[in-house]
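Undergrad: Listed below are the residues making up each chain.
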Amino acid sequence: MQKDILLNNELMFRKIKGYKHEYTQQLIIKVERTLPFEYVSKMITPFLSRIEKEGIFSYSDYDTSIPILSTNGEVDIVLFWMDWRLYMDKMEPKPLLEWLKTRLSEVDTSKPILINNWPTFWELEEKQYAASVSKRGWIYEFNYLLETLKDEFNNIEIIDMNLFASQMGMSSYDARNDEVSNYPLSNQLTLQLARHIALNLIPAMLEPKLKAIVLDLDNTLYNGVLGEDGIEGIQLTEGHVQLQRVLKRMKENGILLALSSKNNEQDVSEMLEKCKDFLLYKDDFTFIEANWNSKADNIRLMAEKFNFDVSAMLFIDDNPAEIAHVKEQIPTIHTLMADATGKETVHRLLNYPYLYSRKKDNSADLRQKDILANQKRVELASKAGDNNSYLASLQMKINIFEGETQHLQRIYELGQKTNQFNLALQRFSEGEVQKKAKDSAYKMYTVTLSDMLNDSGIIGTFIVKIDGELAIFEEILFSCRALGRKVEDASLYLILNELINKGIRQVKFVSVEGARNTPALDWLNNIYTSPIIADIIAALKEKLIDYPAEVCLQNERDNK
Amino acid sequence: MKETINEIVIEILELDEASEELLDREKNATWDSIKHLELIMAIEEEFDIRFTATEVTAVKNIQDLYAYVEKKLV
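Protein chains in written order, with the numbering used here: chain X, 1 to 560; chain V, 1 to 74.
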């Protein structure tokens with residue numbers, strides 16, 4: 001079965017239920033419920049299979065008091081599947097939320113938690129009543145309050161049943177199911193929610209988001225062939241307008257865009273400038289590779305310039321032969337088939353795993369500037385006589401912060417996103433990062449970097465546990481955008497000097513060999529000459545002779 | 001039609017064999033109310049038909065399913 005069928009707008013369970021992919025991970029999902037979840041779990045199987053996972057579900061009894069049993073280490077996700085109607089007549093939204101918080105406090109909050117809200121409009125007669133005199137008002141308030149849980153519990157995500165139901169309209173409600181089984185969701189809403197949980201929410205809670213989308217042009221971003229139809233002949237259909245809008249929004253939420261098209265570069269450039277009805281502009285694309293080379297070669301080149309692995313990229317093309325070729329050449333890349341109308345491409349893209357945004361991420365512009373600045377740095381490096389004169393030309397400023405609570409979200413993101421310079425591959429959850437930040441045994445260092453070409457923001461972190469005279473570096477993370485400028489050496493040098501002044505004598509680094517973290521492991525081998533802190537400082541000092549950057553720890557200026 | 005219904009029933013009730021006893025709600029404990037609605041929804045999707053609440057409750061065994069589907073397909 002074509003796996004893209006699972007991503008299409010129209011879904012029929014009987015057509016997808018046979019989809020099976022070999023799974024690489026079992027997910028143990030504990031369902032706390034006052035609403036039957038079996039209908040969802042039945043339908044979720046093919047979608048979980050699409051991300052190479054198998055769901056193992058365990059269910060609570062139907063009990064409105066949610067007597068949660070402790071969640072031990074064997075649970076991967078806790079899912080609350082609640083019929084909130086059962087609470088409406090008994091409690092106001094605010095006390096209900098407070099009570100819910102007490103129940104949630106019994107769950108291991110370092111595990112992802114999913115919890116559903118409730119549709120606001122299912123009764124036909126609702127239009128006869130103002131929200132203030134109807135139960136609808138209760139639901140509005142409760143749904144709003146439920147969203148605020150995310151401020152308090154970092155690992156919570158809301159299953160937005162209200163959004164799906166309102167997009168589907170009355171066909172989302174099934175009065176017959178409600179009467180027979182107290183299950184008001186229609187078959188179609190159940191299927192849509194099963195897909196949303198499996199392909200949007202679960203991947204977003206467990207794995208890093210994709211970093212870039214590489215797009216074909218002809219019959220993908222518009223209808224027509226530029227080389228044959230000319231700029232006047234290509235058409236932006238309604239589906240393509242939607243697609244461009246979705247892509248633009250994704251870019252605003254942290255995903256970089258690039259083009260790989262078999263066209264003349266000048267034609268493409270002219271089209272992007274002249275087509276005023278396009279929602280995507282030339283500047284929206286970090287790279288435009290319009291040429292007659294193989295697309296696999298173009299993508300490899302772009303990955304090199306992006307400085308991240310191809311496995312963080314999604315390639316979209318309408319030509320199955322191009323998709324097959326790219327997939328054959330680069331097996332780890334994600335691929336998606338576009339359709340000629342653009343309409344189905346939109347749905348496939350919206351349902352594609354690893355693209356869901358849980359938090360606002362407006363870093364795409366910053367990253368795009370940084371990547372383009374990196375290209376200029378490569379030019380500067382080739383012109384400079386030696387490495388230090390190249391680094392001096394950059395006029396780098398490195399700031400190191402300790403225990404800065406505003407940086408915790410970024411520490412979590414770095415753990416999820418970095419692959420090459422990720423020493424211990426711990427990929428701490430948001431909850432775990434918060435927990436360590438509050439623990440007095442831990443020191444959380446963050447590193448910011450700016451130079452004459454760009455301000456890169458927070459590009460590195462050190463998570464250190466202090467145990468008497470021993471400092472254990474549990475994790476060291478650096479964005480691939482900052483590598484090659486000895487920022488990791490300079491930062492560690494300053495941190496170790498800070499630690500030795502506080503009585504630390506020995507250092508231990510936690511490291512794990514992964515598929516792509518060779519740069520981090522090589523770096524460690526190079527500097528870890530002995531567990532004695534003074535020896536490592538000496539090794540780093542040797543590496544940093546004449547290092548031409550301004551490096552500061554918090555407010556203490558330490559020009560070198 | 002009967003064959004398709006049999007397949008759906010066997011799959012949803014997770015049966016190894018389709019004995020008469022297992023195809024009767026009162027004699028098969030695993031054919032509970034959740035499985036029952038799951039079964040009805042699967043049959044509805046397969047044949048593009050719709051059962052009323054009364055009909056859902058009235059179905060007691062596989063023979064009832066055959067009869068209702070046959071009636072609705074006419």
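Treat the hints as calculated values from the structure; they're not laboratory data. Take these hints with a grain of salt, some might be off.
Straight line, CA to CA, 30 angstroms or less: simulated BS3-like cross-link-like pairs of lysine-lysine [stated by the list, open to error]:
{"#": "1", "chain 1": "V", "residue 1": "K35", "chain 2": "X", "residue 2": "K248"}
{"#": "2", "chain 1": "X", "residue 1": "K42", "chain 2": "V", "residue 2": "K72"}
{"#": "3", "chain 1": "V", "residue 1": "K2", "chain 2": "X", "residue 2": "K209"}
{"#": "4", "chain 1": "V", "residue 1": "K72", "chain 2": "X", "residue 2": "K15"}
{"#": "5", "chain 1": "V", "residue 1": "K35", "chain 2": "X", "residue 2": "K20"}
{"#": "6", "chain 1": "X", "residue 1": "K383", "chain 2": "V", "residue 2": "K35"}
{"#": "7", "chain 1": "V", "residue 1": "K2", "chain 2": "X", "residue 2": "K15"}
{"#": "8", "chain 1": "X", "residue 1": "K17", "chain 2": "V", "residue 2": "K60"}
{"#": "9", "chain 1": "X", "residue 1": "K376", "chain 2": "V", "residue 2": "K2"}
{"#": "10", "chain 1": "X", "residue 1": "K276", "chain 2": "V", "residue 2": "K71"}
Undergrad: Compare the structure with each hint and give your call.
TA: Hint by hint, here is what the structure shows:
no.: 1; hint: K35/V to K248/X; in the structure: violated, 44 angstroms
no.: 2; hint: K42/X to K72/V; in the structure: holds, 26 angstroms
no.: 3; hint: K2/V to K209/X; in the structure: violated, 47 angstroms
no.: 4; hint: K72/V to K15/X; in the structure: holds, 22 angstroms
no.: 5; hint: K35/V to K20/X; in the structure: holds, 22 angstroms
no.: 6; hint: K383/X to K35/V; in the structure: violated, 72 angstroms
no.: 7; hint: K2/V to K15/X; in the structure: holds, 19 angstroms
no.: 8; hint: K17/X to K60/V; in the structure: holds, 26 angstroms
no.: 9; hint: K376/X to K2/V; in the structure: violated, 70 angstroms
no.: 10; hint: K276/X to K71/V; in the structure: violated, 58 angstroms
The structure shown violates the earlier hints numbered 1, 3, 6, 9 and 10.
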